[in-house]
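Student: Once you have looked at the hints, place chain B on chain A.
Protein chains in written order, with the working numbering: chain A, 1 to 112; chain B, 1 to 121.
Source of the hints: derived by calculation from the structure; they are not laboratory data. Any given hint could turn out to be false.
Calculated lysine-lysine pairs in the DSS-like style (CA-CA distance at most 27 Å, straight line) [as the list claims (entries may be wrong)]:
| no. | chain 1 | residue 1 | chain 2 | residue 2 |
| --- | --- | --- | --- | --- |
| 1 | B | K66 | A | K42 |
| 2 | A | K2 | B | K41 |
| 3 | B | K64 | B | K20 |
| 4 | A | K67 | A | K56 |
| 5 | B | K20 | A | K2 |
| 6 | A | K2 | A | K70 |
| 7 | B | K20 | A | K42 |
| 8 | A | K70 | B | K41 |
| 9 | B | K66 | B | K41 |
Remember, predicted model here, so these are calculated numbers, not experimental data.
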Amino acid sequence: QKEVEQDPGPLSVPEGAIVSLNCTYSNSAFQYFMWYRQYSRKGPELLMYTYSSGNKEDGRFTAQVDKSSKYISLFIRDSQPSDSATYLCAMAASGGSYIPTFGRGTSLIVHP
Amino acid sequence: GAVVSQHPSWVICKSGTSVKIECRSLDFQATTMFWYRQFPKQSLMLMATSNEGSKATYEQGVEKDKFLINHASLTLSTLTVTSAHPEDSSFYICSASLGLAGGPRSTDTQYFGPGTRLTVL
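Next comes chain A alone, as it looks inside the complex (with noise of 0.2 Å):
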């Protein structure tokens, strides 16, 4: 088993639909949750950052953290085209490295 499970898609949805994206982890060490967005032949940037359980929002984007399930999710409102792109998720633990450890990438793909 991976230590962080993501499924890769592709995800497709109209616009304005509301998107759910999705990680598994099996490492209860870790602490820091990321979600990072990569558009084709591009690296990736950092869209949200979250350290330990509960919701952060910023504007269309909302990432939870339940730590009991070791489950993370990433809520995109009123989903635009301009949000097609691979969302990748990445955590990391305290006390060890630090180096995020990266979910494979979940390719959406908002149709107009």
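Tutor: Showing chain B alone in chain A's frame:
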């Protein structure tokens, strides 16, 4: 925001040659730089981590004699793929951080470059 550049953005080379990829932090001093490789539809795989002024720390399974990393200054790191072979063809991405590797800031302040696509014939 912090900007990281990579050069070249793509390179094609013959088998057996060496290729150097540069990673620069343009508007900040990067204490730590990371090198990743990414295969199509796969996750980012960390290759090595380097703090300025010290030798790079390579991940298990990454040949340090094949992938030479030089963190020359706080704004420049280079990855040299020596004697490249077709199986080395991949997308190589660097990232730069304000924090020291081994600390939480290295997690939350990683800024990624645009990547370099290497094709070895």
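Student: Next step is simple, just say for each hint if it's right about the structure.
Tutor: Hint-by-hint comparison with the structure:
1. K66(B) to K42(A): holds (25 Å)
2. K2(A) to K41(B): holds (16 Å)
3. K64(B) to K20(B): holds (14 Å)
4. K67(A) to K56(A): With Cα atoms ~14 Å apart, K67(A) and K56(A) stay inside 27 Å; holds.
5. K20(B) to K2(A): violated (32 Å)
6. K2(A) to K70(A): This hinted pair holds, its Cα atoms lying about 13 Å apart.
7. K20(B) to K42(A): holds (19 Å)
8. K70(A) to K41(B): holds (23 Å)
9. K66(B) to K41(B): holds (24 Å)
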